[in-house]
Structures are given as C-alpha cells and as structure tokens.
Amino acid sequence: MTPFEKQLQQALRRQEPSADFSARVLARCAADDASKRSVFWPAWGMGLATAALVLLTIGGGALYQQHQREVRGMAAKRQLLLAMHIAGSKLQQVQERVQESEQPSQ
Amino acid sequence: MEALLAATTSIAATRNAQATLPAFASVVETHKAMVYSIAWQFLRDRVAADELAQDVFLQLHKNWTRIESPAHLVYWLRKVATHRAIDAARKRKIQAETSLEETDEPTVLERVHDSFLSSYLQRMVASLPEKQRSVIILRYQEDMDLEEIAKILSMNVSTVKTQISRALELLRGKVSRRLGKGTAPHDSI
Amino acid sequence: MKRSILKLAILAIAAVPVWAADDFKLPASIEKLAEHATETVDVTLDQSTLALASAFLSKDDPDEAQVKKLIGKLKGIYVRSFEFDKEGQYSKSDVEALRNQLKSPNWSRIVGVKSLKGENSEIFILKDGDQIAGLVILDVEPKELTIVHIDGAINPEDLSRLGGHMGIPKLGKDRKEPKGDSNPQPKPDKDDEESERY
Numbered sequence: 297m298t299p300f301e302k303q304l305q306q307a308l309r310r311q312e313p314s315a316d317f318s319a320r321v322l323a324r325c326a327a328d329d330a331s332k333r334s335v336f337w338p339a340w341g342m343g344l345a346t347a348a349l350v351l352l353t354i355g356g357g358a359l360y361q362q363h364q365r366e367v368r369g370m371a372a373k374r375q376l377l378l379a380m381h382i383a384g385s386k387l388q389q390v391q392e393r394v395q396e397s398e399q400p401s402q
Numbered sequence: 070m071e072a073l074l075a076a077t078t079s080i081a082a083t084r085n086a087q088a089t090l091p092a093f094a095s096v097v098e099t100h101k102a103m104v105y106s107i108a109w110q111f112l113r114d115r116v117a118a119d120e121l122a123q124d125v126f127l128q129l130h131k132n133w134t135r136i137e138s139p140a141h142l143v144y145w146l147r148k149v150a151t152h153r154a155i156d157a158a159r160k161r162k163i164q165a166e167t168s169l170e171e172t173d174e175p176t177v178l179e180r181v182h183d184s185f186l187s188s189y190l191q192r193m194v195a196s197l198p199e200k201q202r203s204v205i206i207l208r209y210q211e212d213m214d215l216e217e218i219a220k221i222l223s224m225n226v227s228t229v230k231t232q233i234s235r236a237l238e239l240l241r242g243k244v245s246r247r248l249g250k251g252t253a254p255h256d257s258i
Numbered sequence: 044m045k046r047s048i049l050k051l052a053i054l055a056i057a058a059v060p061v062w063a064a065d066d067f068k069l070p071a072s073i074e075k076l077a078e079h080a081t082e083t084v085d086v087t088l089d090q091s092t093l094a095l096a097s098a099f100l101s102k103d104d105p106d107e108a109q110v111k112k113l114i115g116k117l118k119g120i121y122v123r124s125f126e127f128d129k130e131g132q133y134s135k136s137d138v139e140a141l142r143n144q145l146k147s148p149n150w151s152r153i154v155g156v157k158s159l160k161g162e163n164s165e166i167f168i169l170k171d172g173d174q175i176a177g178l179v180i181l182d183v184e185p186k187e188l189t190i191v192h193i194d195g196a197i198n199p200e201d202l203s204r205l206g207g208h209m210g211i212p213k214l215g216k217d218r219k220e221p222k223g224d225s226n227p228q229p230k231p232d233k234d235d236e237e238s239e240r241y
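Chains as they are written, first to last, in the numbering used here: chain A, 297 to 402; chain B, 70 to 258; chain C, 44 to 241.
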C-alpha cells in the first residue's frame, strides 16, 4: 500500500457512534417486537409494555438531547478550527507576498 | 424421501450455523462501528448516520433467522448499510461543500494538524461520484478485497478496480492542489 | 404638528446606529459563486455557535487552547472560499461589491499586495477607538476567491501566530510551492459500464 493509500485508510478509519447507541437500537427492536405481539397480549401486559416504553423514551429523550448538543458542539468546533486554519494560512500567505515584494530585484 | 432428507439436512446445517451466531445484543455492540462508519462516510451527518445505522440493525433484527453464519452476518450488514447509505445520500443530494451539518470524528480529540488532512480526505471521499465513493469506503475503511466489494455492489471485479483507480487519481490530484504536496506514487489496488 | 414630525424625523435618524455603516455582509452574488466552484468552503459561526464550539475546545491541547483564547471576544467568524477549474468564473464587480463595504471611515486597509500572476491579497481592519473590532481578509486569485470576516476584537498577530500549528506552515519554513497553472483535474466521468442496481 502506498503512503497515500495509508493516509486514506487513516482518514477513513471506523468511528464509534454515541455511547448509548446499542441501548437505543435494542429499545427500538423491543418496541418493534412489542407492537407485533400486541394483538395477543392481555390488557395489563400492554400497559406494562407501554409504561416501559414511556420510561425508555423519556430517558432516551434526555440522552438524545445531550447527544444532539454534543453532535452540534463538535460540528461547530470543527468549523471553527477550519476557519482558523484558513484565516491563519491566508495571513501567512499575505505576509510571504509582502516579504517577496520587498526583496530587491536582482 | 430424498427431497425430505435434503431439506432436513439443510435446515440442520442452517441451525448449526445459527447456533454459532452470538446474541443479537452482542452483534450490535460488535458491529455498530462498522455500520455507523459506512453511513457516516456517505452522509457526513452524525445524526443521519446514527439513524441509518439504527435502521440497519432493526432490519437485521427482523431478518435474524435468515442469517446463516457469522461471515454471512458481516456480509449482510455491509451490504445493507452500503445500499441504504447510497439511497439516503441520493435523497439528501450531498454536496462537497462544508456545512454545519457535517460533523466531526467521535469524542476522541485528535491532533489538529493530522486531523485536517484526514478531515479533508474524508470530505473529498464524500464528494466522489457514488460508485467511486462506495468502492473507496469498502476498500479502505472495511479493508475488503476486490471480489468481496464486487459482490456487495453487484459489479464486475474489473469495474471495481477501475473505479478505485479513478477515485485514487481524483483524490491525489485534489490533495496535491490543495495542500501543495507532491504527486503521490502510483497507487496499488 | 410640523414640529412634532420634525422631532420624530430627527429621533429616527439619531436612532440609526452609527455602526450599521461599518457592517460587512456577504452579498448574494458571492454566495452564488458556489454554483460554479469545484470546491467551496462555507463557514458561518455566529456568537452563540462560537460559544458552543468554545465549550468543546480542549484546554489541554495547546492548539485548541490558543484558539479558545483567540475567539474569546468574537461575535462571529465567516469564511467563504471558492475554487474554480478555470479563470473568469467570478467578475470584478463581485469583488468590488465586497470592497465597497470596506470604504467606510472606520475600515482601514492595512495590507495590499498584488502579484504579477494576478493574485491580490488585502487585509482590512475595523477600528473602534484604539481597538480592532473586526478583520476582513480578501484573497483574490484567478481561480480562487477567499473571504474571511472576523467580527469582534481580534489581534491579527495572534491569528498569524497560529503559524506552525494547525497544519499552517511557519513563515520562512515549509513554504508552499508557488501556484502555477496546474492541469485542471478532469471531472469524474459518468460510469456507463454497469447498470446501477442499488
């Protein structure tokens, strides 16, 4: 593999989803199963499942809000660092051009 | 009689293979990064990638009895994740420009110098045409060989090779222009 | 009646903030350049987003800590950078629309450099008494146009001190190769070898 391909591999390395990802997937699957079995469940069973689902949703909702803030915060940070990079680079570029223009021509 | 025997053998073989499958929760935990990353590289949106990855696992849950073996599981996940990501990306009409919806790497902070190039490469990969993007992600993120990629994307192996070659050429050119680096040597496939 | 109307008029005029004349906004014509650009960088960070970003900068990372310090008093950062595959993709009037905004008394051009290759770089600062209340970098090249607007108190020296960090080469070292007419990268071909079956 060439150095460029290694860089590409590095850039494309796998990333982890949020810490509660698995919990949310399993909650969704459980909810999906519950909705399929609802026809055969007794009324109290449905109430229990609904209560569990509500609790999961509330807890999951708060987690989700926090997750959203983290997502937006990291995105904003990334944008900021990009902007700083470009601004810093352009300033450097201007300084270089000024220096070049001040050099006496041979 | 023979047909019944063949059917019974087939069922037994499937059950044996499935018996080697780990529990579903363990599967999610083991493969979440793979599925999520495929989605992320296509969509460049953490929230959308998260939702897509969840959908993939929900679909797996519904089709759990059809999974024949751990190897089949990985193949299935990669295939479904890739195809769903391609569809989702088409609907979103992802453009190459940077926007606030483009999110960053996970919680691990990286050295800014290295992460800039990595981030730039990621954005350039996201801007590739659909097929080139797919082969690059499966080749360099998932480390799959050409035959495996061809199977997932329903392409010929030669087409996969061509797409990778074109994509690498495009990416090298963009990096050279943008970051002022010399042209990389010819890449191996 | 006439006096009260006159009073109202005077009050209305007085109510217009003086600083409104110093506002720097990116015109719609500039935003539209993205349609022709092969690459676009579009960063818009208002005060609340900057505060959010700052919360995620690490104090332990020296680069990020420096950025955190730099943006402490900023109201916004706006970057538009367009790369084109050929010359002539934007007009002089596009650039003049930007420069015209920087002609108000409180904006000063502190640097202006032109090269023979048609590259023109300018730095403007917005003065607020002895303080700098804004910075605009305008980099005009035949195939690239970059506008950086930093709204708020910033020290350009601190910004240029990022050199050597964040992938920015230090002045005098790792100088970028001069931009020449590089072969334009071919746009990706439409693949006609395989039918799409996704």
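Keep in mind that the hints are not guaranteed to be accurate.
Quick list of in silico lysine-lysine cross-link-like pairs, DSS-like style, CA-CA up to 30 Å [unchecked claim]:
#, chain 1, residue 1, chain 2, residue 2
1, A, K302, B, K220
2, A, K302, B, K131
3, A, K302, B, K230
4, C, K116, B, K160
5, B, K230, B, K148
One-sided excerpt, in silico: chain A residues whose CB lies under 10 Å from chain B [to be verified]:
#, residue
6, E312
7, E396
8, S397
Facing chain B, from chain A, some residues (calculated, C-beta under 10 Å) [what the hints assert, rightly or not]:
#, residue
9, L304
10, Q306
11, R324
12, Q364
13, V367
14, L377
15, R393
16, Q395
If you are wondering where the hints come from, they were derived from the structure by calculation, not from laboratory data. None of these values were measured; they are calculated from a predicted model. Each residue gets a CB set at the ideal place from its N, CA and C atoms; glycine is no exception.
Item to check | Per-residue hint verdict: L304(A), partner chain B, C-beta under 10 Å | outcome: The hint holds - L304(A) has a Cβ within 10 Å of chain B, the shortest such distance being about 5 Å.
Point to revise | Pairwise hint evaluation, K230(B) against K302(A), where the allowed Cα distance is 30 Å at most | key: Since the Cα atoms of K302(A) and K230(B) sit roughly 18 Å apart, the hinted pair holds (cutoff 30 Å).
Proposed interface contact between V367(A) and chain B, which counts if any beta carbon pair is under 10 Å:
At about 5 Å, which falls below the 10 Å cut-off, the nearest Cβ of chain B leaves the hint on V367(A) intact, so it holds.
Satisfaction of the R393(A) interface hint, Cβ to chain B closer than 10 Å: violated (15 Å)
> Does S397(A) pass the interface check with chain B, least Cβ-Cβ distance below 10 Å?
Replying inline: violated (21 Å)
Is K230(B) within 30 Å of K148(B), Cα to Cα? holds (18 Å)
**Asked** Would the stated hint for R324(A) survive a check requiring a Cβ distance to chain B of less than 10 Å?
**Response** holds (6 Å)
Quick one, is the Q306(A) hint okay against chain B at 10 Å, beta carbons? With a closest approach of 6 Å, the Q306(A) hint holds.
**30 Å limit on alpha-carbon distance, applied to hinted pair K302(A) and K220(B)** = Satisfied, since the Cα-Cα distance of roughly 24 Å is no more than 30 Å.
**Report entry** Given hint Q364(A) near chain B, where the shortest CB pair must fall under 10 Å
**Finding:** This hint holds: Q364(A) lies near chain B, its Cβ roughly 7 Å from the closest one there, short of 10 Å.
Next item on the list: For the pair we were handed, K302(A) and K131(B), check the Cα-Cα distance against 30 Å.
Entry: violated (37 Å)
Minimum Cβ distance from L377(A) to chain B below 10 Å? Holds: closest Cβ of chain B sits about 6 Å from L377(A), inside 10 Å.
Violated hints for the displayed structure, listed by number in ascending order: 2, 4, 7, 8, 15 and 16.
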